[in-house]
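Here the protein sequences line up with chains A, B, C, D, E and F, keeping their order.
If you're matching positions, the first sequence starts at 103 in this note's numbering and goes up one per residue.
If you're matching positions, the second sequence starts at 103 in this note's numbering and goes up one per residue.
If you're matching positions, the third sequence starts at 103 in this note's numbering and goes up one per residue.
If you're matching positions, the fourth sequence starts at 103 in this note's numbering and goes up one per residue.
If you're matching positions, the fifth sequence starts at 103 in this note's numbering and goes up one per residue.
If you're matching positions, the sixth sequence starts at 103 in this note's numbering and goes up one per residue.
Be careful, since some hints might not be right.
Claimed, not checked - Derived DMTMM-like pairs: lysine to aspartate or glutamate, alpha-carbon spacing no greater than 20 Å straight-line:
1) Lys341(B) x Glu139(C)
2) Lys269(B) x Asp383(A)
3) Lys269(F) x Asp131(E)
What the hints contain is simulated information worked out from the structure, not anything from laboratory work.
Number of protein chains: 6
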Amino acid sequence: MPNLDPIELERIVDAALTEDLSGGDVTTDSLIPAHIEASASFIPRTHGVIAGLDVAKAVFARVDKSVRFTPRLIDGDVVEGGETVAMVTGSLASILRAERVALNFMQRMSGIASMTAEFVAEVEGTDTVIVDTRKTAPGMRALDKAAVVAGRGRNHRRNLSDGVLIKDNHIAALQAEGLGLQQIIRRARAQAPHTVKIEVEVESLDEIPAALDGGADIIMLDNMSIAEMRAGVEMCRDKCLTEASGNVSLESVREIAETGVDMISVGALTHSVIAMDIGLDFDELEQ
Amino acid sequence: MPNLDPIELERIVDAALTEDLSGGDVTTDSLIPAHIEASASFIPRTHGVIAGLDVAKAVFARVDKSVRFTPRLIDGDVVEGGETVAMVTGSLASILRAERVALNFMQRMSGIASMTAEFVAEVEGTDTVIVDTRKTAPGMRALDKAAVVAGRGRNHRRNLSDGVLIKDNHIAALQAEGLGLQQIIRRARAQAPHTVKIEVEVESLDEIPAALDGGADIIMLDNMSIAEMRAGVEMCRDKCLTEASGNVSLESVREIAETGVDMISVGALTHSVIAMDIGLDFDELEQ
Amino acid sequence: MPNLDPIELERIVDAALTEDLSGGDVTTDSLIPAHIEASASFIPRTHGVIAGLDVAKAVFARVDKSVRFTPRLIDGDVVEGGETVAMVTGSLASILRAERVALNFMQRMSGIASMTAEFVAEVEGTDTVIVDTRKTAPGMRALDKAAVVAGRGRNHRRNLSDGVLIKDNHIAALQAEGLGLQQIIRRARAQAPHTVKIEVEVESLDEIPAALDGGADIIMLDNMSIAEMRAGVEMCRDKCLTEASGNVSLESVREIAETGVDMISVGALTHSVIAMDIGLDFDELEQ
Amino acid sequence: MPNLDPIELERIVDAALTEDLSGGDVTTDSLIPAHIEASASFIPRTHGVIAGLDVAKAVFARVDKSVRFTPRLIDGDVVEGGETVAMVTGSLASILRAERVALNFMQRMSGIASMTAEFVAEVEGTDTVIVDTRKTAPGMRALDKAAVVAGRGRNHRRNLSDGVLIKDNHIAALQAEGLGLQQIIRRARAQAPHTVKIEVEVESLDEIPAALDGGADIIMLDNMSIAEMRAGVEMCRDKCLTEASGNVSLESVREIAETGVDMISVGALTHSVIAMDIGLDFDELEQ
Amino acid sequence: MPNLDPIELERIVDAALTEDLSGGDVTTDSLIPAHIEASASFIPRTHGVIAGLDVAKAVFARVDKSVRFTPRLIDGDVVEGGETVAMVTGSLASILRAERVALNFMQRMSGIASMTAEFVAEVEGTDTVIVDTRKTAPGMRALDKAAVVAGRGRNHRRNLSDGVLIKDNHIAALQAEGLGLQQIIRRARAQAPHTVKIEVEVESLDEIPAALDGGADIIMLDNMSIAEMRAGVEMCRDKCLTEASGNVSLESVREIAETGVDMISVGALTHSVIAMDIGLDFDELEQ
Amino acid sequence: MPNLDPIELERIVDAALTEDLSGGDVTTDSLIPAHIEASASFIPRTHGVIAGLDVAKAVFARVDKSVRFTPRLIDGDVVEGGETVAMVTGSLASILRAERVALNFMQRMSGIASMTAEFVAEVEGTDTVIVDTRKTAPGMRALDKAAVVAGRGRNHRRNLSDGVLIKDNHIAALQAEGLGLQQIIRRARAQAPHTVKIEVEVESLDEIPAALDGGADIIMLDNMSIAEMRAGVEMCRDKCLTEASGNVSLESVREIAETGVDMISVGALTHSVIAMDIGLDFDELEQ
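Modelling step: build the complete structure from the supplied sequences, incorporating the hints.
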C-alpha cells in the first residue's frame, strides 16, 4: 500500500478545506454553540471497497485537533453497505465544518477503489494485473493512485519522470526525421536514466519485431483486436512485458486478460469515477 | 459565465503540472529535439458540451509561453464529435509535456458540462433550474462549478460562507437544546450576515409551516415523493423558493421539475463525472 | 462569533512572523540564554473591547510550542485599562521573538472592536445594526471582520462572491446599453446563484420604485440626507431591507439609525483603525 | 525610495485578491458583458501625499493583463484633492473586479504617507528625521514602510534581523543574571554580526554613561521629558546617535526635535492609519 | 538534456531571491539612480564546463523583466576561463540586485558540471557511464541533476518513487523476518509498479546469484575491491546491469570503469561541490 | 547561536522532502511491513564539527511524528569520528523514507561547520574573526549561516537589507556621474536607514582616506597583498572596522589575521562545501 507523503497530503487537504471553509461556515457559526459534543458514524449505503480513511482523518485533524476520528476498517476493506467504517466524535461545530470535505475525499476514493476491485475480480485467476493511468483528477493524483491500490489494482507511471513511454506521436515525429523504431528506442536507452524502463506503444503487430530488437522493456498493444493481442503477447513472450490499452470495459476485460497480456491499463478507473454513496449519521443527536 | 479568478486558476494548473512534470518528462527529454515544431487539434470523439478551453490554454502557457493555443469554440458550445475545438502549435516537446494535463482538465470539465446539459434538456420548458452542490473533486471546485455553468446549469453555494443552509443535523442538535424550527431560523437570521439567504432542509411537509413562519428564504425538500414535493411547492408558493434534493436522475428529473420546484440540485454532476473522450491529433506528424 | 478557518489563520500568522523574524532576532539570539524562563501579562492601557486573543495565542505557538498563552478574557470583552487580558509564560527568548507580532495583531483587532462598539453603543435601542465593508487591510480581511463581530457589529459581504451588490457604475454601464434598473436587477436574479441576495445602490428616491419592482432584496441608500433616508426607509418598509452608507460618523450615526434603516455600513471601522494601546509587562524580570 | 521586492509584492497582492475574488465576482459576472470597455480616474478627495501607485498597477495587471493603468504622478507627490493621480482603461468587468483591492492599497498607503509628511513638516528646519517602527499591519510591512518613505520619513529596522535593539526587558533579564549594562552591550557586540548597529533603550539619564561606555551606536531615549531628552542628547553628542520614542504627537514632535535628537520614531504612522479618501470615477460611463 | 519544469524553476529562483532580497537592497536603493543603464559580462576565471545559464536568465527576469540576459554559450559548453559566457544589459540597479543570486546558481551548477566532466573524461573510451546520486543540496535537486547532465554525466534515480533500490537495511530487516534475497526481490517485483526497475545492493559476490535468481534489473556492487568488482561484473554479464558505488575518486574511477561495470555513481558530484569562480564584469562602468 | 525561524525551517525541510518523497518511496512501500520497529545511530566517519541536528530532527518529525530523534550532542560539538551523535528510533519504514534527506542536511551543515572551525583554529590567538558571505546554496542561506556559527565563525550580512556594502560597481557607476567616494558614502548615510552600518570596498590604499572621511563604518580591503593590508589596517585603526576579502585559504588566513584586520570573509565556507561523511547505522537489524 503506498504511504502518502505527508506534505502532499497536507497540500491536498488544505486546498480542499480552503475552497470550502475559507470564509467561515455561516450556518454553524450562527447556530451551533461551542459546548455541544457529538459522535457520528461514516456508513456506506452500498457494496464496495472503502478508501480514503486516512485522508478523512487528516481533514478533521486540520479543522480541529481535538476531534477524534476512529477508523473501524482500513483502506481496501470490502463493505456491504450499512456498516460503520469510521466514527468521529468531538465538537459538533467542528464535525459539521469538516463533514462535506471529508466525505468528498472518501466518496471519490472509495468509488475508485470499488471500480478497480470490479475489474480485478473480472480477471481473477489470470496472471494479468489491472493498472491505472495518468488520467487522474488534476491535483489529486497521489490520492487517486492510492485508491487504485486499495482496490488491488497496481499503479502505472506516477508521472512523466518515472518511466519512458514512447507513444505514437514521439514515433511519428522521429520517423519524419528519418529514424526507425529500433533507433528511437536505442536513443531513449542512451539518453534516459538507466534506472527507468522503456515502454513502447505499438498499433500493429508489424512494429513488434523492431520494438523487441530495439530493446523495449514493455510493449503497449494499443487498441488491438483480441486476436491481434493474443499474437502480440506470443511474439513478446519471455522477451518483454506487455500491456493492453484502449477501450477496456468490465465486459471486455476478461477476454483481454485471457490473451496472456501482463497488464491492462484502464483510464476510467480515475477519469470517470462513480462516487460511493457514504453518509455521516449522527448518533447522539437522534431522538 | 463565471470568470475564473486568475490566482485560483494558477494554483490549480500549477498543482496539476507539478504532480505530472516536476521530475521532468524523461521520454520527451530523451527523444524530441528542441527544433521540431508541430501543430495539433483537440477533437472530441463524442457528442457533448465543451468546457475547459481557457484552462487548457493556461496549461500550455505555463509550460511554454511560445506555444500558441487557439480555441475554435468557447466553453458551453455543443459539439457532435469529430470537429476541432482548439488548435495548439509550437514546440513539439512542449506540447507533449503539457498534453495529458490539458486533456485531463478538458475531459473532466466537458464531462461535467455535458451531463449538466442533459439534465437541463430534460427540464426544458419548465421554470426549474438545475443546480450543482458542494460535492466537487477536492481542490477543483472553481472549475467544476464553471463547467456546470458551461452546461447551462446554475451554481448553488460555492462554499460554507455564502449562504446559510440549515440541515437535519443542525436542527436535531438545536432541538435537543429545546429550540423549535422557527427559533432556529430566527437565530440564524439574527446571527448570520444580513446579506446571505437562509435555506432550510425539511424532510416532511409538517415542517414547512414552521420554516415559513421562521422566515426561510429557500426550503429544501429532501428525498420527498413526487406527490409530497408537489404539495410542498404549493405550500411555499409566493412565500419562498423551493429546492428538490436527493436521488435525482435523468429519468426522474422531468417529473420533479413538473412539481413546480424552483431548483433541483444534482450531486452527480460533479461527484460522478464521466470524462468526455477528447483526443489530441497531431496534424503535422502524420504521413 | 465567526470561527477562524485554521488554514487562513496560519497563513496570516506565518506572513506576519516571516516579515519580522525570517532572518532571526539578532538581539535575543545574542543576549538571552535559552534557560531563562519568564512570564508576562498583556495589559491594555485604555478602555475598549479586546480582540485577537486567539491570534496572539497562535503566534506564540508558532514560534515555540512550549510557550503557554493563557487568556483571562475572551474576544469581545470590555476592558477598562490596567487589567490583565492574557498571560504568557515560558522561554524568555521565545516570548521576546513573538512579542511584537502578537501585539500588532491584538492592537489592531482591539482597535477595530473598540471603535465598532462605540458605533453600536450610539445606536442602542434602535433596531439598526452596524456593519462593516470590504475596506479592510489587504490580507487581513478574516481578522478585521472577526474584530468587528467582537465589537458586536455585523459582517457585510466577505467578498465579491457572497452577495450581489449592484453599484452606480454597474448601473451606468448597463443604462448606456439601454437597460433600465428593473431589467438590470432581473438580469442579476437570472444569472447569479439563487442562494445570494441582491442589493442595489440608489442615490435618489426616484430610483427606489424601480429597484423594488425589479425585486431587490436590499436597497443601499447612498449618501442621502436624513430626510431622504427616512423617506427611502418608508418606501421600502416590508418590501426589502435598507442599508445606509456614506459619511457615517459617531456624531451622525444615531440620527441615521433613527430613520429606521436596517443596517448602517461604516468603512472607517476597518480602513482607519486606531490601534488600542496594549503593553506586555514582564512580571518576573522586574526587581 | 525603496524598490519593492517583486516576489513580496506578488505575495501581498495575491493575498489581497484571493480574499476578495477567489469565489468570483457574482455581480460583475452576472451583469457586465465582456465587450464593454471603460476608462476611469483615481481622484483623491482630500489633500495629502499619494502612495501605492505601483501596487495598484500590480493589482490590475494580476486581474487582467490587458488593462492599462497609467499613473499621472509618482509615489510621494503631494495632491490637493480633485486631481487625477492615475487612469485605468480596459475591460469594465476587469476594472470592477480589481477596484476595491486597488483602492484598499492606495488608501492605506496614501494615508501613511500623508501622516508621515505632516510629522516631517513639523520638524522642518531641524536635523531630526522621522522614522517608523515595526508596528505595521501584519503582512503589510514592506508596503507600510514604503509609504513612510513616500511621505519623506525614514525607515527604522525592517525586522528583528537588521539591527540590535536592546530593550528594557532584555536588560532586566540580564541584570537579574548579574550583568551590568556595559557588559550587556559588549556581549551583544561580541555575539551579533559585526555589520549591524547596536541600539540601547534607556529610561533615565543615569543609564547613558554605561550605554556609551559599552559602545552603543544609538541610544533610544524612551518616554523622557523634553528637559531630560535635551540633557540626554547633550550627553551623547559626537558619541552616538539618539532616538526619541514614546507618545509622540503632531503637537509634541517639534519640541522634541528641537532637543537635537537625531531620530524620532512614531508608531502611529503605521499602527493608526487614517485612510486617504480616494475615489475611482468612471469617465466613459457618465452621461 | 533535461528540460527544467518551469514551476519548480520558479520555486527555486523565488526561494533564492526571497532570502537575499525580501527586505530590499539598501545599498542600491540608497545610491543608484533608476536611469543608469549598464551592461556586464559573465566571465569564468577558470577552465571548466558552464551550467546554469537558463537559471541565471530566470533570476534577472524575476527581478526586472526589462533586463536582457543573453547567453553566448549553452549549458554543457567547455570554457577555458576569460571568455564571456553571457551578457546582461539593462537597469544597473536591477542588475546589482540580482547579481549575487544569479552567480550563486551559475557557480554551483558550473562546479557540478565541471567535476562531472572530469570524471567522464577519466572513463573515456570505456562503456561505463558516470551517474549522480540523491546526495544533492536540499531543495536544489532538479538543478544539481541538470548540472550533472551538462557535464555529460547521467542521472540515477531522481527520487524515491522512480526506481526500486533495495539496500542493506531493507535486506537486513527482511532477513530478520525470515526472507531470503530472492524472496525479497520477488516481493518488490510483485508490489512495486511494473514500470520501474529493481536494483539490489550487494556487498559480497556470494549475494549475486540470489540477486540474479530473484530477477534484479541492476546490481549495485558496493564498496568492493577492483578484483571483486571484476568478478561481479562477469557474473552479471548479459543478465543485468551493474553499478559500482562507494569511495570513487578521480584517481580510482578509471580502474573501476575498466572492470566493465555499466555505471559508476559518484556522490561527491553534488554533495561536495567546488564552485566555479565566475565574475560579472561591468563593461560600461569601467573607465 | 542563531535560533532558526520555525517557518523558514519548515519551508526548507518541506522542499527537501517534497523533491525526494512526493511520489512515495516505492522500495519501502513494497517491502517493509508497517510493524517493524528499528533504532539507528548517526555516526560521523571523520573528525569535524557536527551541525544540523535540529534540522534532522525536524525531517523525521515531518515524515512521522511518532519517530523519536534523540541528539547526543549539540550543534558545534567536535567529533572524532565513530561516536554516535544522535539516535533515531521508531517505524523502520519511516526512518528509511527520511534517512537520505536528514543525512543531506547534516552532511552539508557539518561540512560547513568543520571547514569554518579549521579557519577559526588557524587564527586562534588573534582578535580576527572569520565571517561568511552571501555565497550560499540557493534556498539554504539560513542553514548555511547557522552552520558557520556552529563552527564558531560569525555571520556577515544575511541579505541585501541588513547592511550597506558599497562595492566597486556602485562606486564606478556613481563616479561616472561625477561623485567622489566621500559623496557616495554620505549619500548612502543620508538615504539608508540610520540603523544599518555602511561598509565600503576599497582596492587600493589611496581610497582609504576618502572612505574614512565619508564616514564608513567598515572598510573592506579587497584582494590586497599582506603588506598593503597591514598598512590599510593601520590607516583605519580606531576609526573603523576592517575586513579582508578575496582569495583566503587555510594557508594564507593566519598571515592575513596577523595584519590586525578585524574580519576575514571566506566565501568557500558555503560555496565550496565538502560534505562530512556521516552514516546511519541500524542497531537492531544487524545480526
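> Hint by hint, which ones does this structure get wrong, listed from lowest number up?
Replying inline: 1
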